[in-house]
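Undergrad: Chain by chain, the residues run as shown.
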Amino acid sequence: MRFGVVVFPGSNCDHDAYHVISKVIGQPVDFIWHRRSTINGADAVILPGGFSYGDYLRAGAIAHFSPVMQAVKQHAERGGLVLGICNGFQILCESGLLPGVLMRNRDLRFICRMVTLRVESTDSPFAHLYRPGQIVRMPIAHAEGNYFCDPPTLEELRRERRIILRYCDAGGQTIAEANPNGALDHIAGICSRERNVLGLMPHPERAAEEVLGSADGRTLFQSMAVALAGMVRD
Amino acid sequence: MKARIHVTLKPSVLDPQGQTIQRAVETLGFQGIEDLRQGKYFELTLADTLSAEQAQVMVREIAASVLANPVIEEFNVELE
Chain P
1 MRFGVVVFPG SNCDHDAYHV ISKVIGQPVD FIWHRRSTIN GADAVILPGG
51 FSYGDYLRAG AIAHFSPVMQ AVKQHAERGG LVLGICNGFQ ILCESGLLPG
101 VLMRNRDLRF ICRMVTLRVE STDSPFAHLY RPGQIVRMPI AHAEGNYFCD
151 PPTLEELRRE RRIILRYCDA GGQTIAEANP NGALDHIAGI CSRERNVLGL
201 MPHPERAAEE VLGSADGRTL FQSMAVALAG MVRD
Chain B
235 MKARIHVTLK PSVLDPQGQT IQRAVETLGF QGIEDLRQGK YFELTLADTL
285 SAEQAQVMVR EIAASVLANP VIEEFNVELE
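Listed in order, the protein sequences are those of chains P and B. Per this note's numbering, the first sequence runs over residues 1 to 234. Per this note's numbering, the second sequence runs over residues 235 to 314.
These are computed hints drawn from the structure, not numbers from a lab. None of these values were measured; they are calculated from a predicted model. Some hints here could point you the wrong way.
Stated by the list, open to error - When the alpha-carbon atoms are kept at most 25 Å apart in a straight line, the in silico SDA-like pairs for lysine to any residue are as follows: (1) B:K274 to P:R104; (2) B:K274 to P:E156; (3) B:K236 to P:L57; (4) P:K73 to B:P304; (5) P:K73 to B:K236; (6) P:K23 to P:G10; (7) B:K244 to P:G10; (8) P:K73 to P:F51; (9) P:K73 to B:V305; (10) B:K274 to P:G10.
Could you put together the complete structure from these sequences and hints?
TA: So this is what it looks like as structure tokens:
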């Protein structure tokens, strides 16, 4: 089982993801430079946070055209795991691997703070070790995290239970004040129809050890490792 | 030949940047502005070897696949 962390020019959470996989989860992991046309045999690919290509044009728009993204798409089509965190989520939307788009935050400001989230569905390789409805804490750090899609797509996401995380208050209520960026339906993370591609704006890799104020994000990576062990064995 | 492409948010999409700019403009005392929406402008210089039809097809494809995100944006192409 191997993880791969894609490095775009402007990625800045790539080392954080690498650290969590190698030191916290204890699994083999490689960096994958974005100019490569393969993912080096990785079983799970992480598109890390950052500002790929300086967010030129639209956040994630140019990274979508990096050579490695063709290999990432093929990996996803084969059922391989792809996790997009923050800028990685933006890239997944721009690439069409996930529906919708991350627009400028409602209040136009860059927001960097801890948020509370509700685990809406545990039915995916990324969340099966969480409890349904579990309230978790992870930081967000973005200016474009305001999720938007058209009404039919939202209906589809709800019907197929593809909304994995929603912003909520400490008690788990999805009140307006608990929505930091104006995201449609409080959406913080969604998965693909086949549930093997996850994009989320919060940073689980920055909340994977108690010393960071929350270890709730660790469960996401542990879920991936357990799911991968099963997939590789099968 | 020049291609000029305007990319704008769809009318149904909220434009908080445009609203903020409108408020700033009104703070300066300008009145009668009913709406202000922000967009992007691209200018492409094209080789003379391209015919107008070829250019039209190519530029529209560039706009649809790269310059605009069809989920929230629409575009307008002018060739000159």
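Undergrad: Work down the list of hints and note, for each, if the structure agrees.
TA: Hints versus structure:
{"no.": "1", "hint": "B:K274 to P:R104", "verdict": "15 Å, holds"}
{"no.": "2", "hint": "B:K274 to P:E156", "verdict": "31 Å, violated"}
{"no.": "3", "hint": "B:K236 to P:L57", "verdict": "20 Å, holds"}
{"no.": "4", "hint": "P:K73 to B:P304", "verdict": "20 Å, holds"}
{"no.": "5", "hint": "P:K73 to B:K236", "verdict": "35 Å, violated"}
{"no.": "6", "hint": "P:K23 to P:G10", "verdict": "23 Å, holds"}
{"no.": "7", "hint": "B:K244 to P:G10", "verdict": "29 Å, violated"}
{"no.": "8", "hint": "P:K73 to P:F51", "verdict": "20 Å, holds"}
{"no.": "9", "hint": "P:K73 to B:V305", "verdict": "20 Å, holds"}
{"no.": "10", "hint": "B:K274 to P:G10", "verdict": "23 Å, holds"}
The structure is inconsistent with the numbered hints 2, 5 and 7, although it conforms to all the rest.
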